[in-house]
Amino acid sequence: APDPVCFSIGAGKYNCTVWKQAESFTASGTRVGVLNAGTNYFYCQQNLGRRETSGRWTNVWWAKTDDDSGNTGVYVSDVYIEGGDNDEPVPGLPVC
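Heads up, the sequence shown is in the UniProt record's numbering, so the first residue is 1 and it goes up one at a time.
Watch out, some of these pointers could steer you wrong.
Stated by the list, open to error - The list that follows gives simulated cross-link-like pairs (lysine to aspartate or glutamate, EDC-like), each with its CA atoms no further than 16 Å apart:
1) K20 to E52
2) K13 to D66
3) K20 to E82
4) K64 to E52
5) K64 to D3
6) K64 to E23
Hints listed in this document are in silico derivations from the structure and should not be mistaken for laboratory results.
From just these sequences and the hints, can you work out the full model?
Here's what the structure looks like:
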């Protein structure tokens, strides 16, 4: 198994590193806000069947978090989390 890139901080939250500001979406795909780059906590991840691509990175997995626009329980593409592979879940973050 790949080495984890997200790490538990307790209370069901896992810290991951976001390498660029990312848009956040509801589970159904409505854009609602942004998540800033840096260390952010996430709850879990799931394959929402929607593709996000940035450069050579592409993924259908999305990580659930609370964004920097005040929205809770929203999703950011795994593309923007450091350490993952294309179309694979990010190591160390549980599946929702």
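> Within a Cα-Cα threshold of 16 Å, do K20 and E52 meet the stated pairing?
Replying inline: holds (14 Å)
> Within 16 Å, alpha carbon to alpha carbon, are K64 and E23?
Replying inline: holds (12 Å)
>> K64 and D3 were given as a pair; does the straight-line alpha-carbon distance stay at or below 16 Å?
In response: violated (20 Å)
> Has the given pair, K20 with E82, been kept, meaning a C-alpha gap of at most 16 Å?
Replying inline: holds (9 Å)
> Hey, K64 versus E52, does the alpha-carbon distance stay inside 16 Å?
Replying inline: Roughly 15 Å separates the two Cα atoms, so the pair holds.
> Is it true that the CA of K13 sits at most 16 Å from the CA of D66?
Replying inline: Cα-Cα ~11 Å, so holds.
Comparing the model with each earlier hint shows a violation of hint 5 alone; every other hint is respected.
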